[in-house]
Amino acid sequence: MRTPSGNKVYGMAAEYPSAAALYEAAKRVRDAGFKRWDVHSPFPIHGMDDAMGLGKSWLSAPVLIGGIVGFFTAITLTFGPSWFIYPLVVHGKPYDWRTVPAFFPIMFELTVLFAAFTCFFSMLIMNGLPRWHHPVFNWNRFSRVTNDAFFLVIEARDPRFTESEARQLLEETGGQHLTVIHED
Amino acid sequence: MNGSTTSTVPDVIAAEASASVERKLARVPLVLSNRNFSWITERIAGVNEGAAPRWWWVTFSISSLVAAIGLFCLGYQISTGVGVWGLNHPVGWAWDITNFVFWIGIGHAGTLISAILFLLRQKWRTSINRAAEAMTLFAVICAAIFPGVHVGRVWMAWFLAPVPNNYGIWPNFRSPLLWDVFAVSTYFSVSVLFWYTGLIPDLGTLRDRAKGKLQKLLYGIFALGWRGSNRNWRHYEMAYLLLAGLSTPLVLSVHSVVSFDFATSVIPSWHTTIFPPYFVAGAIFGGFAMVLTLLIPARAIYKLHDIITPGHVDKMAKIILLTGTIVSYAYAMEFFIAWYSGNQFERYSFYNRIFGPYWWYWWVGMLFCNFVAPQLFWFKRFRFNIYIVYFVCMCVNAGMWFERFIIIVGGIHRDFLPSSWGMFHATWVDIWTFIGTFGIFMSLFLLFIRWLPMIAMSEVKIVLPEADPHHHATPEGHHPVAAGGMERTQ
Numbered sequence: 001m002r003t004p005s006g007n008k009v010y011g012m013a014a015e016y017p018s019a020a021a022l023y024e025a026a027k028r029v030r031d032a033g034f035k036r037w038d039v040h041s042p043f044p045i046h047g048m049d050d051a052m053g054l055g056k057s058w059l060s061a062p063v064l065i066g067g068i069v070g071f072f073t074a075i076t077l078t079f080g081p082s083w084f085i086y087p088l089v090v091h092g093k094p095y096d097w098r099t100v101p102a103f104f105p106i107m108f109e110l111t112v113l114f115a116a117f118t119c120f121f122s123m124l125i126m127n128g129l130p131r132w133h134h135p136v137f138n139w140n141r142f143s144r145v146t147n148d149a150f151f152l153v154i155e156a157r158d159p160r161f162t163e164s165e166a167r168q169l170l171e172e173t174g175g176q177h178l179t180v181i182h183e184d
Numbered sequence: 001m002n003g004s005t006t007s008t009v010p011d012v013i014a015a016e017a018s019a020s021v022e023r024k025l026a027r028v029p030l031v032l033s034n035r036n037f038s039w040i041t042e043r044i045a046g047v048n049e050g051a052a053p054r055w056w057w058v059t060f061s062i063s064s065l066v067a068a069i070g071l072f073c074l075g076y077q078i079s080t081g082v083g084v085w086g087l088n089h090p091v092g093w094a095w096d097i098t099n100f101v102f103w104i105g106i107g108h109a110g111t112l113i114s115a116i117l118f119l120l121r122q123k124w125r126t127s128i129n130r131a132a133e134a135m136t137l138f139a140v141i142c143a144a145i146f147p148g149v150h151v152g153r154v155w156m157a158w159f160l161a162p163v164p165n166n167y168g169i170w171p172n173f174r175s176p177l178l179w180d181v182f183a184v185s186t187y188f189s190v191s192v193l194f195w196y197t198g199l200i201p202d203l204g205t206l207r208d209r210a211k212g213k214l215q216k217l218l219y220g221i222f223a224l225g226w227r228g229s230n231r232n233w234r235h236y237e238m239a240y241l242l243l244a245g246l247s248t249p250l251v252l253s254v255h256s257v258v259s260f261d262f263a264t265s266v267i268p269s270w271h272t273t274i275f276p277p278y279f280v281a282g283a284i285f286g287g288f289a290m291v292l293t294l295l296i297p298a299r300a301i302y303k304l305h306d307i308i309t310p311g312h313v314d315k316m317a318k319i320i321l322l323t324g325t326i327v328s329y330a331y332a333m334e335f336f337i338a339w340y341s342g343n344q345f346e347r348y349s350f351y352n353r354i355f356g357p358y359w360w361y362w363w364v365g366m367l368f369c370n371f372v373a374p375q376l377f378w379f380k381r382f383r384f385n386i387y388i389v390y391f392v393c394m395c396v397n398a399g400m401w402f403e404r405f406i407i408i409v410g411g412i413h414r415d416f417l418p419s420s421w422g423m424f425h426a427t428w429v430d431i432w433t434f435i436g437t438f439g440i441f442m443s444l445f446l447l448f449i450r451w452l453p454m455i456a457m458s459e460v461k462i463v464l465p466e467a468d469p470h471h472h473a474t475p476e477g478h479h480p481v482a483a484g485g486m487e488r489t490q
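As given, the protein sequences belong to chains G and R, one line each in that order.
Sequence positions in the first sequence follow this note's numbering and run 1 to 184.
Sequence positions in the second sequence follow this note's numbering and run 1 to 490.
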């Protein structure tokens, strides 16, 4: 979709006066059947995931995998040298599987370490970050999103999107400063 | 946040019926004076914008000078040898390991605030977690210096890492010293990730407010393109929760592993099972004292009293009292077990602690600073008196250093054979290396408050009543306790 002046349209955006207003508007947009839209706020709004019809984040799945990988890395790292490469008798204690309690700290630490790194990088990947630019930054009011402003953006890519319908919905829900955001 | 947070139906009815009851039941808000979102942004981000105040330059000059002296001492020690420290037989661990345990312990309060209090849904943590986490990182940096250089041949420190090498030698994975390497490096890495994750939205704020080109570029890069999208917040909040969940057992493990350095040995007074919980409680105790030591001046200088309220100081004082009581219990239990064990070496070790050559370290450090002084916090009047709070925190800061010194040097300077008894005498290099780490710590902290938001803006905003999606503002505002009663600034 393009504007008469030839700019590619990213979506229709509106500003809301409060978190509560944004929350109510999100429920309306969800019920109107839009799929490609988003709300922007200076802080996470409690209950907004449900208001947008989003489920629970599945970030915990990669973190679990990361933790398991860390655990097995620690097993390899401790048993490999102790059992095969460099068997070492310390305090006259055995160096085979019976020594396993002495390896618990390493196993624990590497499980946590791998899980934490997986958590951080999975979060970035799932959020599509880092990125240099995003069309919403083309709107000059948008810089207040990290301060005290609340925005709702319906993307033009949404199959239900028409400019008039989106404008009407955002106006009905109390949106202010309605704007068409350009891609470039 | 309003008066209807009571549990039973009659209570609610009574509260609604009578304004005075409602006032009595009301909680004091976490952010005072009915401040709004924009005020929080202005006040906190405003610290990072504009020119650095004069006091900052003065303090930074002094702290970086002290840091430089510390670095000089480290260079002197590395180029000359560990002999420039006062270490000798029988005391092979003294100030170096004392300082290591002291600094790493301080770090623990930051993680407790950011992770454990988050899991416990303690919303007041939002005002202090950022600075406390920064303190954690800088304290761990200071801590890591000591075991790093006390190995003697620093260029061989890579032997601590389990890397295949052409000597065919591997570290001993059954040694608590190696566990320490893993625990401390994991702790530092995870703390950095947790801290940075929390910083992303606030870096977005600084990016959006930045005037200069360089600031815009740098904050822009580190904000990673954050745009406050709820589709991002959804994963972000889960990441934060998971990191808190991972950090919680981690922080408890780190000081437990540190205590294993001692507990797995056979030295009298070291070889005890009480050490892990005793050390963890002591770490949190000392760490909270350091958090208050840093934040009380910071909030006075930057006028953050509406965000770090007397209530916050009160809660931290209570945690100091709680953990101090646990620590005092551990002290008493050590004496009891020494007596009860019937082991003459163990008994002598604790007799020596009170009446031996290091007697005053125990009387002043452990007894007065760590046990007597925090007792003031039983009284509300003292918890709300900032000078008393600061005095107790200073006592605890000093007391925790003395405690580690007594445990370490007190344990080894007189062990089994009187013929091998000896004393420890600190040299100027010992002293100035330790003072130098304070310089490093303060310099890093000053750089932090200069360039990064010292309070988590996006998190503090959540605790305002307006952040609740079911909040509907009335002209008067329906918050029953408008503490301070001042008008909004915006």
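Incorrect hints may have been included.
Straight line, CA to CA, 30 angstroms or less: simulated BS3-like cross-link-like pairs of lysine-lysine [what the hints assert, rightly or not]:
1) R:Lys380 to R:Lys318
2) G:Lys56 to R:Lys303
3) R:Lys318 to R:Lys303
4) G:Lys56 to G:Lys35
5) G:Lys27 to R:Lys318
6) R:Lys216 to R:Lys315
7) R:Lys123 to R:Lys318
8) R:Lys211 to R:Lys315
9) G:Lys27 to G:Lys8
10) G:Lys8 to R:Lys213
11) G:Lys8 to R:Lys315
12) R:Lys380 to R:Lys123
Hints listed in this document are in silico derivations from the structure and should not be mistaken for laboratory results.
The structure displayed is predicted, hence computed values, not measured ones.
A quick look at each hint next to the structure:
1. R:Lys380 to R:Lys318: holds (10 angstroms)
2. G:Lys56 to R:Lys303: Violated, at about 39 angstroms.
3. R:Lys318 to R:Lys303: Holds, because 23 angstroms separates the two Cα atoms, which is no more than 30 angstroms.
4. G:Lys56 to G:Lys35: holds (17 angstroms)
5. G:Lys27 to R:Lys318: Status violated; Cα separation ~42 angstroms.
6. R:Lys216 to R:Lys315: Given that 30 angstroms is the threshold and the Cα spacing comes to 37 angstroms, the pair is violated.
7. R:Lys123 to R:Lys318: holds (16 angstroms)
8. R:Lys211 to R:Lys315: Cα-Cα ~38 angstroms, so violated.
9. G:Lys27 to G:Lys8: Between G:Lys27 and G:Lys8 the Cα gap is close to 28 angstroms, so the pair holds against 30 angstroms.
10. G:Lys8 to R:Lys213: holds (28 angstroms)
11. G:Lys8 to R:Lys315: Violated: G:Lys8 and R:Lys315 sit about 54 angstroms apart, past 30 angstroms.
12. R:Lys380 to R:Lys123: holds (21 angstroms)
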